[in-house]
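Residues per chain, in single letters:
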Amino acid sequence: MNKEFKPRITSFLCKWCSYTGADLAGTSRLQYSTSIIPLQVMCSSRVDPVFLLKAYLSGSDGVLLGGCHPGDCHYETGNYHTRRRFALVKEVFESLGLESERLKLSWISASEGPKFARVANEYTEEIRKLGENPTRKSIFL
Amino acid sequence: MSSITIEKSASKGINDLLRHLLSTGKVDAVLAMRMMPDTGAWDLALVTDVKNLKELKPLAPVMTVNASQVLSNLSLSGKKIAAVLKPCELRAFVERVKREQGSLENLFTISHTCGGVFPLDLVAEGKVDRLLPKYEKVVSAGEIPSNIRDTCKACEHFIPMNADIMVSAAGECKPGEGCMIYLNSDKAREALSECTGEHGSAVLDSTSLEKLATARAREREKLFSSIEKDCSGLDGLVNIFGKCVGCHGCSRVCPICYCTLCDFESINFDYNLPYFEEHLARKGALRLPPDTMLFHMGRLTHMSFSCVGCGMCSDVCPVGIPVAAVFSRTGESTASIFDYLPGRDVTEEIPVMIFKEEEFPELG
Amino acid sequence: MTETTGIPVVLKTDNGVETPVREFLGQMLDSGAVDALIMPLKVPSGDSFAWILLNDAGMLDDAVPFPAVMPVQGARALRSLTRKEKGDLTVLALMRPCEIRAGIELSKLGQVNTDNLILATYDCPGAIPLQDYVNDPESSEASFKEMFTTGEPGENAKPACRTCVNFSAVDSDLHFGFLGISDEGMLVIPGSTRGAELLQKMDIQSETGDKLLPLWKSEVESILKKRTAARDIAFKKTESDIKGFSGMLNVFSNCIGCHNCQSACPICYCRLCYFGSEASRSNPEALMNQAIKRGGISLPPERIMFHTGRLAHMSLSCVSCGQCSDACPVSIPVADVFSFVAEQTQSTFEYKAGRNDGKPLPLRDFKKSELPGVHELVKDAEPGGASHE
Ligand code: SF4
Ligand code: SF4
Ligand code: SF4
Ligand code: SF4
Ligand code: FES
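Sequence lines, in order, name chains E, R and W. Numbering-wise, the first sequence is residues 9 to 149 according to our numbering. Numbering-wise, the second sequence is residues -12 to 351 according to our numbering. Numbering-wise, the third sequence is residues 31 to 419 according to our numbering.
This is chain E alone, in the form it adopts within the complex:
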């Protein structure tokens, strides 16, 4: 395994919970993986499955989707829809034999700075083990 490999993890984080959680991790001076590339979205349900596909096909080694815990979505039911769509995308990956581990869903509240840091670090490690996304090199996509 290439020691130098630094994964790039495109992370869609909802403004009200996960992004704030990430912020908290930062202001609490918790160390978390620099592989995480955070993108703020208004709600996890704003993330069209196609965003996940595009991130994957554009060479992100991992794609993280973070939202409020079920029941806590700022828009009440947004994240329940997110969960269904996420399950759907995962199933599409699995049926095509693609590495569905490159997609991850996590519920992280605004107060869970430590959880954010933990998820970020653990997921980075998992992706590091998985290695580079083959889409990075493929020219026929």
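Only pairs whose alpha carbons sit at most 30 Å apart, straight line, appear in this in silico DSS-like list of lysine-lysine: (1) W:Lys266 - R:Lys114; (2) E:Lys62 - R:Lys85; (3) W:Lys42 - W:Lys255.
No lab work stands behind these hints: they were computed from the structure.
Model the placement of chains R and W with the ligands on the given structure of chain E, informed by the hints.
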């Protein structure tokens, strides 16, 4: 279940039935396959004049368009239509109604046990007439003709779901049994109460179709295993869709893809130069136009759980990609995680429009 | 025939025609004369090609400069790269003449920006029909090789290619010519000042092509004669096939309305085709009334309207590439009809699609006094000719 037996072949019997509906004014129009008298070409026709009914070949194993596509618009005309649909066309129409693309209100849906349809190239070559006798023989013996669409061979839903009227057209017909018509709804029973034929009560003898069901299941396995290698990772995906020319014919003829402007043709996927430069810097090369895999994976995500396996997409693909095999296969998986079956029930909601509070505990 | 601008150079072809072209283009990349190339590469399944934008010269080994098929019309690749923003990436595209011509049409239509494109082309022997190639790449390659050697399309080429009169010497920046001179090498002929400058910059040490140029020209002329004759015959046949409304109905009788022909066409650039839009969709009551009036209708509706509408919208720019026929799932000779009609419409306006001669698109231009016969034409038209559908 109420039934009518007409002492004729199934294809003659169904014409009697349509004639009855149209001439008594129970319906204003009939939608069915037709062989055009002057050119011998096939089309889907909407017939309003009884004398044109003789051109129709409602049970012909031909599907030039998935009829549910054109039925969407027609079903809103306020007139009553008897629509002869193959089981997958009816299921697709149900899926379309769920997406507010049409209404069942003014329709008499007529469907039949289906032996499968010929691929479009055979139809275009004008071979249907010649192939028909053999087809009918094989189908009435409950077997699979070798020259039908691959996804038809592999289709397990050849008994229509929820048709107002169902005609028996496949499976082992007992000699002298004639054309069996099953009436599944009050509106069908009411409309056909005066139709000539022997009225009675019967249920479709599904044992006569067991042999076909087994054979179809076997073919389904065969079809799926033929693409299994290509459904096992990125290389496989590129192998199967790499030659796609991006015509999007597959989505245009798909009865589930109803969007007037597909997302993947929208401005969302037009790129500025830095996008290309970034890819060049990273991998030294990229495909133009880009996003071939995105289109297919996107469509799989957007609609595969509603795929009815009609096979239109494969038939129009100019480079012969087995699109329908991939979509049926993935569709079976994506539908199953939601316990969904496309076209089963018009009141069953599309899985991505609903949710349960407690589900998919392994996620999140 | 387009005039050459500047002095052509000769490339040695002892190792076939592909190697020198690869080397030449590699040199262009290495010298920084261009930033990237657009070239066909064989797809991993081996039965087709894709357009690849590349700046890694190492990848040129896999590039196939002269592919046997035209899966995606090259102008569509040019469009996807340059439609939105021109930027300052200089890109050389090596494509068939009809692809370059379509690119030029698209630039007039505001869909391709040629400012930073170097358009390079070659003596095209024709292409193999796409479905034939996919079904049997090996024997297709063999037939293509034969075509390439003789410079003549023959029986196995796309019908559009057999009758193509723009197979060489179209407006471009650089042209690779090998007809009639194959024993001596290959000519790289500049077709524009930009092309000439590039050639000069490259400073290729070779004898000049002045001597070979006349040989090449006369071979091009002689093949042109044959193809023109073939085209005349094909046009006569098409003319009689589509005669009258019933002829048109007959030719398109198998049409299923999939619009593949339109989406494969390089000229049809609309994101949402009018004939696929809400605006063109008949309202359900009107459709039903039409059916009642006629006793029945054929569905999907307006299929002939689609084809005649497309002829009206784009035939002035049709480059006769034949992609529409290739994409048709029911083998309708769409391109035969479109090329024939295009010839009529283009000559009415004395316009030639694909020329870079400064002439505006005919419908964006008018003269106060022109087309004197037009109202007579309208008067003579068969009354009510369209009511048969
Ligand atoms: S029909 Fe075939 S070539 Fe066209 S977009 Fe679909 S898969 Fe690609
Ligand atoms: S994806 Fe293909 S097989 Fe499935 S419903 Fe659409 S056209 Fe039919
Ligand atoms: S109409 Fe057909 S032949 Fe003409 S440019 Fe379009 S695809 Fe090519
Ligand atoms: S590609 Fe063929 S079938 Fe499809 S719309 Fe064009 S002519 Fe009709
Ligand atoms: S606002 Fe956080 S998931 Fe909806």
